[in-house]
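Undergrad: Each chain, written out:
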Amino acid sequence: MSDSLWNIQCVWKRYYVAFLKSLPYYLLTTFLEPIFYLLAFGIGVGTLVGNIHTQGRILSYRSFVFSGIIAQTLLFQGFFEGGFGGFVRMYYQKIFQAIAITPVTLSEVLWGELLWDATKATVAAEVVGMIGVIAGHFYLESLITLIPVCFLGGMLFSAMGLASAGYSRTIDELSYPQYLLVFPMFLFCGVFYPIGNLPRILQYIAWIFPLTAVNSLVRTLTLGLPFQFMAMGIMLAWTVIFVWIARYSMIQRLVK
Amino acid sequence: MSQSPLTVIHLSKHYQNKKKSLIVEAVSDISFQVYSGECFGLLGPNGAGKSTSIQCITGFFPPTSGQVLIEGYDVHRQPRQARTRLGVCNQEETLDTDFNVIDQLILHASYYRIAKREAYQRSQKLLEQFGLMQYIQANVETLSGGMKRRLQVARALVSNPSVLVLDEPTTGLDPDVRRMLWDVLVAARQKGVAILLSTHYMEEAQRLCDRIAILHLGKILDIDSPDRLISKHIIREMVEEEVRPGVIWKRKPNLEDVYLKLTGSRLGIEGL
Ligand SMILES: Nc1ncnc2c1ncn2[C@@H]1O[C@H](COP(=O)(O)OP(=O)(O)O)[C@@H](O)[C@H]1O
Ligand SMILES: [Mg+2]
Numbered sequence: 001m002s003d004s005l006w007n008i009q010c011v012w013k014r015y016y017v018a019f020l021k022s023l024p025y026y027l028l029t030t031f032l033e034p035i036f037y038l039l040a041f042g043i044g045v046g047t048l049v050g051n052i053h054t055q056g057r058i059l060s061y062r063s064f065v066f067s068g069i070i071a072q073t074l075l076f077q078g079f080f081e082g083g084f085g086g087f088v089r090m091y092y093q094k095i096f097q098a099i100a101i102t103p104v105t106l107s108e109v110l111w112g113e114l115l116w117d118a119t120k121a122t123v124a125a126e127v128v129g130m131i132g133v134i135a136g137h138f139y140l141e142s143l144i145t146l147i148p149v150c151f152l153g154g155m156l157f158s159a160m161g162l163a164s165a166g167y168s169r170t171i172d173e174l175s176y177p178q179y180l181l182v183f184p185m186f187l188f189c190g191v192f193y194p195i196g197n198l199p200r201i202l203q204y205i206a207w208i209f210p211l212t213a214v215n216s217l218v219r220t221l222t223l224g225l226p227f228q229f230m231a232m233g234i235m236l237a238w239t240v241i242f243v244w245i246a247r248y249s250m251i252q253r254l255v256k
Numbered sequence: 001m002s003q004s005p006l007t008v009i010h011l012s013k014h015y016q017n018k019k020k021s022l023i024v025e026a027v028s029d030i031s032f033q034v035y036s037g038e039c040f041g042l043l044g045p046n047g048a049g050k051s052t053s054i055q056c057i058t059g060f061f062p063p064t065s066g067q068v069l070i071e072g073y074d075v076h077r078q079p080r081q082a083r084t085r086l087g088v089c090n091q092e093e094t095l096d097t098d099f100n101v102i103d104q105l106i107l108h109a110s111y112y113r114i115a116k117r118e119a120y121q122r123s124q125k126l127l128e129q130f131g132l133m134q135y136i137q138a139n140v141e142t143l144s145g146g147m148k149r150r151l152q153v154a155r156a157l158v159s160n161p162s163v164l165v166l167d168e169p170t171t172g173l174d175p176d177v178r179r180m181l182w183d184v185l186v187a188a189r190q191k192g193v194a195i196l197l198s199t200h201y202m203e204e205a206q207r208l209c210d211r212i213a214i215l216h217l218g219k220i221l222d223i224d225s226p227d228r229l230i231s232k233h234i235i236r237e238m239v240e241e242e243v244r245p246g247v248i249w250k251r252k253p254n255l256e257d258v259y260l261k262l263t264g265s266r267l268g269i270e271g272l
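Chains as they are written, first to last, in this note's numbering: chain A, 1 to 256; chain B, 1 to 272.
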């Protein structure tokens, strides 16, 4: 068991070192993108919309959207790293195959991949949170309680990406989950407006998708909105399911 | 009985399609041992089952039946222990393009828990040996095909393996690079490494390997030293082959003749 953990951290470290090697590129893709969303929606749209009502509370739209962008950052960072990054590593670079003939097994490689993707998504989301703290929307302490939720959420969306990579024959096929899953979640799962504004039937549908649950938990922790128990259950369930599918699809694909 | 570092026992591998209706018997019941300081060749044309065998031997594919032991450990059941002493160079290019030449080797060594300082020293030695010293900091993607292959073989050696497995390491290489790789393999063999090498070059097998298994449609037709394979299966001193209409070559028999004879495809060579 401890051997396995050591191997997994060894893989995690490979990603970390690769990250440091191309830091300028990653700074751009990891941190600048969420900051653009913050500027466009927080500052831009936030000036048009003053206060909003949600879950029996009144709060500024800017605070609302800032915490929404934390969840959205987990979605985009996780999905794109696990999906497109994972596909490149599996198909073009064949990194999984290269490591899985050393004492490190394929199963450990995949855990390392998912844990790294989740780490990276967490760091990006926490940077957004930090900007929110500086802008006076959240308390600094909330960033600490946020870490486990960000990590699990990051893991969920990375696994969604890696599972998509496992089932895509070409890198272009990743557009299907991108347009059928990621963008609808981005638009309809409560990042930009409370889903209570949607017709009831759409609300039920929105709750099926994991971003709604992640959004709810992030808002509880950052803005003090009432805790919705089902959000916890939904997030945990989807995390387990997607991690399982991601690992299953990759192993099925690589090991004949 | 002296223990061999690599033992393959009744290994079979069948591929199934999704519906499990079509089964390809890629490898059927092969057994052999590779001893320390021996270079063992798996010789066969494309599709003979070389890569399939090697994927099972490295523990990446589970075998349909049979067993592979590396230093006494079952590679499928105890991959971590078994692969500690194994170095592999796959047929495909699997270099980690996010890392430059030297970091590539140090990174690979880290999967074997080799400390960075030690890995750096070993890597430098290997790069010297492989004539890659001037590319020590180069981006892997800027290397030529021959240099990448050399790097990939060097990477397989960075963990000081006692068993080295190479899948068609010289296919598609220029003659000078091929010779350099041969020299490296001979040096590793001299140091006591057990080498398993697959190739479809008869000449390479004949030159490099102490023993050869002739693989045809997933089955081993015979295992022996190149000389004995030839003397066992070819009775005549000389064979005659019509290379062009009206032009007949008389030459000593070689492994290719043995292969053609064993597989029953004579193709107009007299004397087999
Ligand atoms: N993933 C696979 N699924 C089904 N058949 C395969 C697969 N890989 C290889 N084969 C078949 O198995 C046989 C042996 O292939 P391979 O081991 O790649 O041979 P070699 O390396 O000697 O060229 C071939 O008939 C090949 O078509
Ligand atoms: Mg092959």
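Source of the hints: derived by calculation from the structure; they are not laboratory data. Misleading hints may appear alongside valid ones.
[Unchecked claim] Straight-line alpha carbon distances no greater than 25 Å define the calculated SDA-like cross-link-like pairs of lysine to any residue that follow:
| hint | chain 1 | residue 1 | chain 2 | residue 2 |
| --- | --- | --- | --- | --- |
| 1 | A | Lys94 | B | Lys252 |
| 2 | B | Lys148 | B | Arg179 |
| 3 | A | Lys256 | B | Pro45 |
| 4 | B | Lys252 | B | Tyr201 |
| 5 | A | Lys94 | B | Gln33 |
| 6 | A | Lys21 | B | Asn17 |
| 7 | B | Lys232 | B | Glu92 |
| 8 | B | Lys116 | A | Ser22 |
| 9 | A | Lys21 | B | Phe99 |
| 10 | A | Lys256 | B | Arg122 |
| 11 | B | Lys18 | A | Trp12 |
| 12 | B | Lys116 | A | Lys256 |
| 13 | A | Lys21 | B | Tyr201 |
| 14 | A | Lys256 | B | Ile136 |
Undergrad: For which of the previously enumerated hints does the structure constitute a violation, in increasing order of number?
TA: 1, 5, 6, 7, 10, 11, 12, 13, 14
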